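**Student:** Here's the letter readout for the chains.
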Amino acid sequence: MSDLPHGAQVLHEEQSGDFSTKLMRINVGPVHPATHGVLRLVVDLDGETVMGVAPRIGYLHTGFEKTMENRTWQQVVTYTNRMDYAHALGHDLAYVLAAEKLLDARVPERAQRVRVLLTELNRIASHLLGLGTGLLDMGALTPFFYTMRERDKILDILEMVSGVRMNYGYFRVGGLSRDLPEGFEAKVQAFIDEFPARLEEYLAMFADNPIWVNRVRGAGVVTRDTALEVGLTGPSARASGVNYDVRKAAPYSGYEDYDFEVPMAEEGDAEQRFAVRAREMEQSLRIVQQALVRLEPGPIKDPDRRISLPERHELETSMEAVIFHFKLVTEGFHPPMGEVYVPTESARGELGYYLVSDGGSMPYRVKVRTPSLVNVQAIEPASIGGTFADMVVNIATMDPVMGDVDK
Amino acid sequence: MSAAERLLQDAVTMLEADLGGERGERHGDVHVTLDKETVREAVRRLRAAGFELLADVMAIDWSAYPGHEGARFTVVYNLASIDPVTRIFLRVNVGDGEEVPSITPQWKAAGFMEREVYDLFGIPFAGHPDLRKLVTPDDLEGHPLRKDFPLGETPTLFNDGRFLDPATFRAGMLGSDTGRTGWVGGARKGVRSEQGREAAERELTEGSDA
Chain A
1 MSDLPHGAQV
11 LHEEQSGDFS
21 TKLMRINVGP
31 VHPATHGVLR
41 LVVDLDGETV
51 MGVAPRIGYL
61 HTGFEKTMEN
71 RTWQQVVTYT
81 NRMDYAHALG
91 HDLAYVLAAE
101 KLLDARVPER
111 AQRVRVLLTE
121 LNRIASHLLG
131 LGTGLLDMGA
141 LTPFFYTMRE
151 RDKILDILEM
161 VSGVRMNYGY
171 FRVGGLSRDL
181 PEGFEAKVQA
191 FIDEFPARLE
201 EYLAMFADNP
211 IWVNRVRGAG
221 VVTRDTALEV
231 GLTGPSARAS
241 GVNYDVRKAA
251 PYSGYEDYDF
261 EVPMAEEGDA
271 EQRFAVRARE
281 MEQSLRIVQQ
291 ALVRLEPGPI
301 KDPDRRISLP
311 ERHELETSME
321 AVIFHFKLVT
331 EGFHPPMGEV
341 YVPTESARGE
351 LGYYLVSDGG
361 SMPYRVKVRT
371 PSLVNVQAIE
381 PASIGGTFAD
391 MVVNIATMDP
401 VMGDVDK
Chain B
1001 MSAAERLLQD
1011 AVTMLEADLG
1021 GERGERHGDV
1031 HVTLDKETVR
1041 EAVRRLRAAG
1051 FELLADVMAI
1061 DWSAYPGHEG
1071 ARFTVVYNLA
1081 SIDPVTRIFL
1091 RVNVGDGEEV
1101 PSITPQWKAA
1111 GFMEREVYDL
1121 FGIPFAGHPD
1131 LRKLVTPDDL
1141 EGHPLRKDFP
1151 LGETPTLFND
1161 GRFLDPATFR
1171 AGMLGSDTGR
1181 TGWVGGARKG
1191 VRSEQGREAA
1201 ERELTEGSDA
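For the protein sequence lines, the chains are A and B, in the order given.
Just so you know, my numbering puts 179 at position 179 of the first sequence, and the rest follows in order with no gaps.
Here my numbering runs 1000 ahead of the position in the second sequence, where the first position is 1.
None of these hints come from the bench; they were simulated from the model.
A few of these clues could be false.
Here are the simulated SDA-like pairs of lysine to any residue, each with C-alpha atoms no more than 25 angstroms apart in a straight line [stated by the list, open to error]:
no., chain 1, residue 1, chain 2, residue 2
1, A, Lys101, B, Glu1025
2, A, Lys66, A, Asp358
3, B, Lys1108, A, Gly218
4, B, Lys1108, A, Val38
5, A, Lys66, B, Glu1037
6, B, Lys1133, A, Lys101
7, B, Lys1133, B, Asn1093
Partner residues are not named here, just some residues of chain B that face chain A (Cβ under 8 angstroms, in silico) [claimed, not checked]:
no., residue
8, Glu1052
9, Pro1066
10, Ile1082
11, Asp1083
12, Pro1105
13, Phe1112
14, Leu1134
15, Val1135
16, Thr1136
17, Gly1142
Derived contacts from chain B toward chain A, CB cut-off under 7 angstroms, selection only [as the list claims (entries may be wrong)]:
no., residue
18, His1027
19, Leu1054
20, Asp1056
21, Tyr1065
22, Val1085
23, Ala1109
Note that the structure is predicted; figures quoted are calculated from it, not measured.
From the three backbone atoms N, C-alpha and C, an ideal C-beta is built for every residue, glycine too.
Model the full assembly from the supplied sequences, consistent with the hints where possible.
**Tutor:** The following block contains the structure:
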């Protein structure tokens, strides 16, 4: 018994009588498909029952907050969307809103509506990715291809608008970087017409499927109290009965003008976490539809010369425009001293930028309240007492994005 | 007065009267400055009063802030009430090396948040059940979000005397010299450091080892 290879331990101490087992501590990740990136978990197992989960994070720590302190206020937009790459525009929106509050900027109506429209489209894309990869973790390969197909259509729209399929960086402090391209409305309308039928197809594929229901119903239950104890927010918390959606609670960017509902559930299990996300896509689509109808031509950035770049054609005729352009590009604007926090609802929960300005051209301190960092704390209470395979379901349904966790 | 305003008003009155809090306002948000000894009690009472969500625990290093006097750090607690919707910020001023009582024993949500502050600012939280680094490598010395922590093109020191020097690092990327990283690249030409140029010239005249 003593010469087992590779330091393997004998787990069953007593060979006769009742099975008495030691806890087995195993390592999951950081590179493992079921951990959605580089999440490492140290799991204590009793047989197949999970007795403890300790997330170890930091494998994707990039030091964004430090970098942002050394970039001008406008340059920060380049970094914000690299955190939560699945719902990138949510981060962009949260940052520009906070900076605009600091500057007291007046964002034109059209810019606000475009922001809401694109952020909601991006939210649908993010949920599609979450659902597809989540089902993939459970061994359902086919839905992944379907959800990625729909997500691709959204990425086509976002590429049309911003030029890239990831890390859009389309929003600017004070408005948008440029106006929408021609043909945008038609493309979004085509998506709106097509998507509800597709969503129904997905839901038929898993929500009513007895194999799926048996797998997830009652798995990984997070009660309302536990959700609040660990600070869970977003769709995962709403599946546990925490009625908190910042879009409704503290509307920003004109969300109070849109008619939509916040899907809720009480059970708090993996099935409901999936279902809430699925129903949230329907609501996001409603917002997209309303925003599209209300899109009217108009200015897309704050006319204040101290914040927004002058129009390109002005540079050829106005010396003053050249001066402002030069100052904004080399140095940027100087928000007054102060501290500000604006909470927003990202696809994963409450997302807010706490900005401190010392009156300089670069932020003095940027603190990002990322939802995923707090939400990974909920994996442990959800998984304890369940099987190891259910833990994978819990990670999938909490849907953390590791860039959002590690920053 | 709406229910949210009343809840917030009651909370501020309670903090001022019982715990010596000092009310302030920043861009419409209510901030209450407290002594660090009272923060646990304050958080406990606010939670009981209906602030159900601990949104964040963060820190600010004031050491480079123009005209700042007083303690070097401020730890900010961000608490939200879900119904009615309102938000309150608690502020605790701490000097360099001082400990702050941890609120993790009362509120698990603070676990990762306090560890992050400890890791990036070096503010220890007394009574935290598992106070370890959270995101930076285990052997990185220093606390990156402190204002005196160097950025970018400066050697990064690790605690066993090993350090990464940018020039050597880039020379290593070139492929002729493994540098400190052990990385043999070769694909990234055009690096403009002194060692890099020498290595590139050597490679041009003598040919690559490989």
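**Student:** Take the hints in turn and mark each one as holding or not.
**Tutor:** Results of checking the hints against the structure:
no.: 1; hint: A:Lys101 to B:Glu1025; in the structure: 14 angstroms, holds
no.: 2; hint: A:Lys66 to A:Asp358; in the structure: 15 angstroms, holds
no.: 3; hint: B:Lys1108 to A:Gly218; in the structure: 24 angstroms, holds
no.: 4; hint: B:Lys1108 to A:Val38; in the structure: 23 angstroms, holds
no.: 5; hint: A:Lys66 to B:Glu1037; in the structure: 30 angstroms, violated
no.: 6; hint: B:Lys1133 to A:Lys101; in the structure: 33 angstroms, violated
no.: 7; hint: B:Lys1133 to B:Asn1093; in the structure: 22 angstroms, holds
no.: 8; hint: Glu1052; in the structure: 5 angstroms, holds
no.: 9; hint: Pro1066; in the structure: 6 angstroms, holds
no.: 10; hint: Ile1082; in the structure: 5 angstroms, holds
no.: 11; hint: Asp1083; in the structure: 7 angstroms, holds
no.: 12; hint: Pro1105; in the structure: 12 angstroms, violated
no.: 13; hint: Phe1112; in the structure: 6 angstroms, holds
no.: 14; hint: Leu1134; in the structure: 6 angstroms, holds
no.: 15; hint: Val1135; in the structure: 4 angstroms, holds
no.: 16; hint: Thr1136; in the structure: 6 angstroms, holds
no.: 17; hint: Gly1142; in the structure: 12 angstroms, violated
no.: 18; hint: His1027; in the structure: 4 angstroms, holds
no.: 19; hint: Leu1054; in the structure: 5 angstroms, holds
no.: 20; hint: Asp1056; in the structure: 4 angstroms, holds
no.: 21; hint: Tyr1065; in the structure: 5 angstroms, holds
no.: 22; hint: Val1085; in the structure: 4 angstroms, holds
no.: 23; hint: Ala1109; in the structure: 3 angstroms, holds
The structure fails to meet hints 5, 6, 12, 17 from the earlier list, while all remaining hints are met.
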